[in-house]
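Using the sequences and the accompanying hints, generate a full structural model.
Spelled out, the chains give:
Number of protein chains: 4
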Amino acid sequence: MSKKRKVAVLGATGTVGQRFIQLLDNHPWFEVTALTGSERTIGGKFKDGCRWVIPGDMPEWAGEMIVQETAPNLDADIVFSALHSSIAKEVEPVLAKAGYNVFSNASSYRMTEDVPLLIPEVNADHAHLVTHQRKVRGWDGCIVTNCNCTSTGFTVVLKPLHEAFGLKNIIATSMQAISGAGYPGLPALDYVDNIVPFIGGEEAKLGIEPPKMLGELVDNKIVPVEFNVSAHCNRVPVTDGHTVCVSIQFEKSPTPAEVIEVLKNYRGHEVVRGLPISPDTVIEVRSEDDRPQPRRDRDAGNGMTTVVGRVREDEVFDIKMVIMSHNTFKGAAGGSMQNAELLVEMGLA
Amino acid sequence: MSKKRKVAVLGATGTVGQRFIQLLDNHPWFEVTALTGSERTIGGKFKDGCRWVIPGDMPEWAGEMIVQETAPNLDADIVFSALHSSIAKEVEPVLAKAGYNVFSNASSYRMTEDVPLLIPEVNADHAHLVTHQRKVRGWDGCIVTNCNCTSTGFTVVLKPLHEAFGLKNIIATSMQAISGAGYPGLPALDYVDNIVPFIGGEEAKLGIEPPKMLGELVDNKIVPVEFNVSAHCNRVPVTDGHTVCVSIQFEKSPTPAEVIEVLKNYRGHEVVRGLPISPDTVIEVRSEDDRPQPRRDRDAGNGMTTVVGRVREDEVFDIKMVIMSHNTFKGAAGGSMQNAELLVEMGLA
Amino acid sequence: MSKKRKVAVLGATGTVGQRFIQLLDNHPWFEVTALTGSERTIGGKFKDGCRWVIPGDMPEWAGEMIVQETAPNLDADIVFSALHSSIAKEVEPVLAKAGYNVFSNASSYRMTEDVPLLIPEVNADHAHLVTHQRKVRGWDGCIVTNCNCTSTGFTVVLKPLHEAFGLKNIIATSMQAISGAGYPGLPALDYVDNIVPFIGGEEAKLGIEPPKMLGELVDNKIVPVEFNVSAHCNRVPVTDGHTVCVSIQFEKSPTPAEVIEVLKNYRGHEVVRGLPISPDTVIEVRSEDDRPQPRRDRDAGNGMTTVVGRVREDEVFDIKMVIMSHNTFKGAAGGSMQNAELLVEMGLA
Amino acid sequence: MSKKRKVAVLGATGTVGQRFIQLLDNHPWFEVTALTGSERTIGGKFKDGCRWVIPGDMPEWAGEMIVQETAPNLDADIVFSALHSSIAKEVEPVLAKAGYNVFSNASSYRMTEDVPLLIPEVNADHAHLVTHQRKVRGWDGCIVTNCNCTSTGFTVVLKPLHEAFGLKNIIATSMQAISGAGYPGLPALDYVDNIVPFIGGEEAKLGIEPPKMLGELVDNKIVPVEFNVSAHCNRVPVTDGHTVCVSIQFEKSPTPAEVIEVLKNYRGHEVVRGLPISPDTVIEVRSEDDRPQPRRDRDAGNGMTTVVGRVREDEVFDIKMVIMSHNTFKGAAGGSMQNAELLVEMGLA
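Residue numbers (the numbering used here), protein chains in the order written: chain U, 2 to 350; chain L, 2 to 350; chain R, 2 to 350; chain C, 2 to 350.
Since the hints were derived computationally from the structure, they do not count as laboratory data. What you are looking at is a predicted structure, and each value in this text was computed from that prediction instead of being measured. Among the clues, some could well be false.
Same chains, same names: a pair is fine if it fits in one copy or spans any two.
What the hints assert, rightly or not - Computed cross-link-like contacts, PhoX-like style, restricted to lysine-lysine with a CA-CA straight-line distance of at most 25 Å:
| # | residue 1 | residue 2 |
| --- | --- | --- |
| 1 | K5 | K98 |
| 2 | K169 | K253 |
| 3 | K48 | K265 |
| 4 | K90 | K253 |
| 5 | K265 | K46 |
| 6 | K253 | K48 |
| 7 | K253 | K265 |
| 8 | K4 | K222 |
| 9 | K90 | K136 |
Here it is in structure tokens:
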């Protein structure tokens, strides 16, 4: 790869946009050539329009770039979309049609039939759906999506377990980080000495996104796997890192030891291992009683490793455990980045 | 009741002991005549031995009392035990034998066959077990226990639901307050930007205590109800108020509306309604999307009301909902207090 | 007082408005006859327009009231203003002119020459300024303000100290609660594992409001006391209760014991003592090393008592100490309420 | 430097010990050859005796090491002491006498006349005091200390300001992180919806340590600089990063712009710049209104840079500002590490 690919970040001033910029700083394959933002920021320097709120400093090169409109005249061929769903819905197809390969963190097209919903380790092969997408839509570019931040670690863990033991029923309770709502996002008064047992629209996503990602690509269609998920989604005073307690009923009842072995051995699709952002360990299984914990474990694999603990027998189903995953790295910007690296590596973008 | 009953608080310097003292301040039926504490504090004024850490001031009368040893020479006939389980195990039977009516918040005798495990609204009739207990043990006094703080609200809600629809399987995930571990209790470093997905011994209690409390007293024995509970217990940065997300499978599948009606109409045993500490509403069902929340709802009924919300269909079982209960009032000192009031009212203490 | 006075709450749907309603529930002198709100809520029931976020339930009578426009056609003669400063600036004079006695929590007119800025214990006599205000402006009603929530406890403490020892220089560092910014107010991401060393406009207020309140009313003018304040204002993850660390240089150097005695003996203006909302203790001086603390001390005197601790020698000035005051009771709605009670008691409203 | 120096970590199982191990993982100059721990852990593997609580994993090599007693038979010549002060007081001189170069984070010998109290950028030249120390005590080794974690950033900032403008009086209010108290350390119940305005012994240290460090080494004695510090020390719910608000009176009154320029240009002693752990920037001056903030700024320079903001005029003294420094890196283990690197570089260890 003698020359870097030109990439743009759409909606770069928000927190997911900021994470994209952070991940793209010194990226071996990509070079940022355009940043887009809202009306208010267009035409000005990025550093004047962006209130940088994630830890670490804004890269100097980003600060000096001029914010552009989100329109099909960007000097790039790969674009990362950190747009709000409502805007993404309108503009992403326009860009894809104009030849841009859009890697979107928005929810707008996740469940669309010809749009891949990717976690590279889990379903890298679904990436081939973009060829069909381009053909039926007459697009030069494409749209590729990553899943909801809570579905991410959850699905990474379900994948090898489904292959080994067959999923039937899952009851999952999440304790999600506040960064999932962006910035300014949630009111501080709700998260001091308090938790909120509700996140709008979130519970349904856990029931539909994982079955699609675990499904099989047959004749240009993804046939979802069948299993039931009942989710309870809660928000807790944690900055980053979503924790999910799951009880699972399988086709074949495994022991905790069998589950642990399957998780430890899981390496995901081979093509994924060499990508710049891929972690050494896809799933880390901790043996302590009281792990994973978001603050202590979220940075495993630079926020790209899913951390599991407390794998034990379930009194009602077969197995219960705790899953933790970094929601703004693996679950958002890092996931999109890995998707883009995957399609480049596969020659699909 | 022309004259107040004399009561003692055992282990009065800890946080549960402090709550007992707070609840006994101006109690219409009870008058504190003795406080006991550890070696270090015996013989000194309570205010010199106790670091008061709950909100509100130490009552002046308590501060001036001399801390005594926990031994059967206390000038009282009712005693509230806020002792650690290991100490409670030894000393409570000694006191009961010596004629004291012991209302214990410790876990030591909860599952003992002839010891009632009471939540007055739920199983006031189990109180009669003390007559049998006195007889078989040759005691003048007795031991009465209240359940684990997480079992409390959970069991209050299960009671009317079991009667109406029959419980089969429950998967429950708790997000518990740090006050449950006393003071100094848990390390602050574990609860800033973090949660801990583990509480030693807690998950098993949710499987055995509720079946006993929902059981029937037949021939001086409690026949537990049969249903399965799988629990995930988590600790979150909340001072007071345990939240539990539950998914329930019933014998007869009710609709959410039927469940809500049963919960709203639940009033518990009639004898309980007139007790000084009993709340007007046993179960409050909130209709907002995002309630109950610990900080905003824990003080319902002065911390004695169980608050429920988000009653909805479950994709795997029948019904799911969120239950919240104040862990140091209803779930600890307030529960013991209500037990004592109950036995006095029933003429059993 | 045979009949209750009719009062309205302006901007009733916000958090300060909610506190006003809570304080007016069962008020012995006042009866709420009107609630006003923003465009969006006018004409609907209060319970449909208000997202109740403070602990405790919305009083039923309030929920059923119809929200009105903030205009001079309200059926009341006393109005409590929880309006944003920009709106308060326009509408409060209109109401005062129309005959309403406006008790405002907004900052718009605090420093206006003929508007009293009151903390009843401190400067009840300044209330007489409304007579002059009515005369020069030709108003039937009036505007009375309470000070910034951080100035409140600070000024209550400075008053007796100034009288006894003469203030010269003060360096004050606040650690303020997030409720001071209303709801939704501040971003949760800023207050998990973090503090923010800045509150816009706040530091200047600590330099100008206390001198006015400690000033003397001479010939219909308030002559401010002269002393210098340098303030550092910080926001910390606390729901309610502002803490201020102060170092003070006096005209006459007192000892810590002398300061403590003066604070303990301070009772404020006599007329204030009988008001319904006035606390028994104006200033509580705690002797523990580590108090006051916001969560444990903010409810002293139902949030109307100022709590002081750690009075000790200062290595640079004379005395240093810690001051804590409830920012949404004494520092906002409770303060306005006390002002209204004061003017009614004095026959000025 | 062809061969790495052998180093030991004393009290390695605590949080400061863990930070030392983290910093020594792949250190270019040092190689860990011994770890010591308490009675309970001696003779076992480090991973069995240490509950690793800092973010990131325990290095594998450390986990496999056998914990030793803290005694003068360690295979190392440099030792890092993370011992409690009471133990450090006894054992550090024994080790120094036996030839070990002890770099201590304990407070026991900080104010001892012949013991250097070092912040390399500030007073690298004080390191020469070890020659005198060895001579007068007849030691082969030595004791070198780093200052209290709150003094650190504070002193780094005072150094160039004193040289440029002359310090006279300082009033400082800290908001300190809970990691400063180790693990398990402080009770969680004190830090949810709360702050604590007291840290035992801390305020005095801010008055005596900085004058020693800013002093001059004359005839084997350090002549402290004379200026007064009044400190208010508070603990807030932040994991890492101490924030200090300071008001300073100088000999020559500088403008904020002059202060900013001096801070920005400050580079410290030249010998320090090439040390492995030294940051590129000694003091970072931020221009935003609301910075520094602990969570967002503590990792500047890998936790070794002092971050300053809000430099402005003071209404009572000359200048006020906010200083933030990472208390477990620069303020503890990182500071000790830098001291060791300094003495090695200077040929003194």
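- In rising order, the numbers of the hints this structure does not comply with: Hint check: 4, 6 and 8 fail, others pass.
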